[in-house]
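Visitor: Now for the letters of each chain:
There are 2 protein chains.
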Amino acid sequence: MESAIPAHLQCPRSRPRRVPDDYVPPYPSFVARHAPTVQRVVMAYFGVQSPTPRAPAAEAALAELQQRFGAANGPRHWDRARYTDEAGHDNVFCTAYWDDPSRFDAWFAAHGRDWTRTARDGLGCFTEILRPDVRYYETLFSSPDRSEGIATLATSMSDVVMEHAYWGGARDRMPASQTEAMEPSGEPRIERDGARTSITGHGALCLIRSGQDWSDTDGDERRMYQHDVEPVLRQGMDFLRDRGLEVGCFANRYVTVEDAAGRPLEKSYGMSWWKSLAKLERWAESHPTHVAIFGAAMKYLSTLGPAAKLRLYHEVTVARADEQFFEYLNCHPRTGMLRAL
Amino acid sequence: MESAIPAHLQCPRSRPRRVPDDYVPPYPSFVARHAPTVQRVVMAYFGVQSPTPRAPAAEAALAELQQRFGAANGPRHWDRARYTDEAGHDNVFCTAYWDDPSRFDAWFAAHGRDWTRTARDGLGCFTEILRPDVRYYETLFSSPDRSEGIATLATSMSDVVMEHAYWGGARDRMPASQTEAMEPSGEPRIERDGARTSITGHGALCLIRSGQDWSDTDGDERRMYQHDVEPVLRQGMDFLRDRGLEVGCFANRYVTVEDAAGRPLEKSYGMSWWKSLAKLERWAESHPTHVAIFGAAMKYLSTLGPAAKLRLYHEVTVARADEQFFEYLNCHPRTGMLRAL
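Keeping their order, the protein sequence lines are chains A and B.
Following the working numbering, the numbering of the first sequence begins with 1 at its first residue and continues without gaps.
Following the working numbering, the numbering of the second sequence begins with 1 at its first residue and continues without gaps.
All the given hints hold, so there is nothing to weed out.
Quick list of in silico lysine-lysine cross-link-like pairs, DSS-like style, CA-CA up to 30 Å: (1) A:LYS299 to B:LYS279; (2) A:LYS267 to A:LYS309; (3) B:LYS299 to A:LYS279.
Footprint (simulated), chain B over chain A, 3 or more residues, beta carbon under 8 Å: (4) 163–177; (5) 276–282; (6) 288–299.
Chain B is faced by these chain A residues, among others (derived, beta-carbon under 8 Å): (7) ARG15; (8) PRO16; (9) ARG18; (10) VAL19; (11) PRO20; (12) ALA181; (13) GLU183; (14) GLU285; (15) SER302.
Since the hints were made in silico from the structure, they are not lab data.
Here the structure is a predicted model, which is why all the values come from computation and not from measurement.
For glycine and all other residues, C-beta sits at the position ideal for the given N, C-alpha and C.
Required output: the full structure, derived from the provided sequences and hints.
Guide: See the structure below:
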């Protein structure tokens, strides 16, 4: 067992971990390990929004974006996902990851900035980017042999880590939590330029991507996931989408991952923008909708034990204002961080 | 809204609270306020154990004890409760509270010490006492107008407090948590003298008394408590009783409160001895049995809203070794802290 915080990012604590030194988690989990040279990463969401499902123009825009990912300095990893939003619009986005901000900057200037600068007939487009310091995000995986999200850029997975399976574990896995409360500061700033809205969120804005992969499940396990877990998860995701502002969640997308051609995979994730890590912690640990998700997942996992083939993971990030970039072009006003205004 | 930590016990923190300054709990709860002159209290459990339900000798012993409570320097409050233990024995105990340790000492020397020094034919007897500093325990009540346990000695209830409705709230309500981790230290010490076993537990031993009072409920609410909540609570209590050592719980008693004559009231509580506050926290926040209790309670309370007439409370205490007193006379070996050996 080892700490989720890699040795080179450990420092004298002014803020204690929530669990004592002899804590042993009841089941194994793993975190992604970047090369120690990685100091900052980029997580970029490029989305297209259409009132019509699978609008050809949207698919064409994505195909072009995906081609651009292959250009010089493109992302080391990207994936694609789809969801129907609170206004009934079809949204598809590609999520792209870099671990070298200068390469991202070069790529973005040449191939990415246009995404929300080029009006597309009948479509909305959005770009949502964080470029956090590695001390300000954490990952967690139920098994170490399939990476998702930012972890696809890691050089390895950790051994079993100590800081998980208790509330507050996400905070304790973030190196910054050794010395910082990561409380929000300031107000979002907004700039409108015709149909385009640019936002810089407040300090310590929080993002979570939390996913499940049921592609390896079959038989009873698959039925249990689909009948006992997924509907409860969906209820919680719908709550955050529709009433998230009550609990500090600006926007939530419960998406199905798909391949480059738009065919659904047996993977989904929720990605949501939060006022703060603390607000996310409170919802997760005490809101009836997440308590129900947690209870359903516990029952599922304790019934199946180590034989469970469902894979779970998440990444949680806290970003300063100057590490954020949000642009929305012709999107409806409940899109993403537009709801923070 | 106010802090659960009374002003005269607040001090500069070296250990942060788990929630930020702007945290607002989603529903109200209250804590007991002692007079500021109270520095230490005594919580004393005097029990009798019999293989036969309602053995006349046990009832007689309790009647005598209850009479002694009326003597000089007796407890300011006591109550009585019954449960059937893991060995199938009938256990009845009186719980008595003092807020002046010198009065307790005087009473105990004259009337209490004998409890486990006088063999009673066919009966086991036990005495379990903590005398904690007021900085090392906390209380919580769902409504401010009916006290239980140590709170019966308070001069008032607080206004709505901030530090509740999140995991770690109990710790944050304890004044000592401002500067101390309250981690366990040392090993229990044991002395045997014939049929009597005396124990001094390790440092930072933890006790919880956590109760429910359904006497005001009726109709659908009562049915919901009895059918949807109580069975789930009982399962969790049974787990702690039978398999508690797996999670750091030495002993658990899920008791029915009764009147002085042994007639059951519509109140129950769990009282359990723990290796540490941290072990109690881990069970409460992540063990399937307590996640199920929490989920059932959340569903109940969110269905009923402020109309709920069920009353909930608890008190959690952390005690140094020299604040503990445990004696067992002719009790079976799975009684109370005997299981810590």
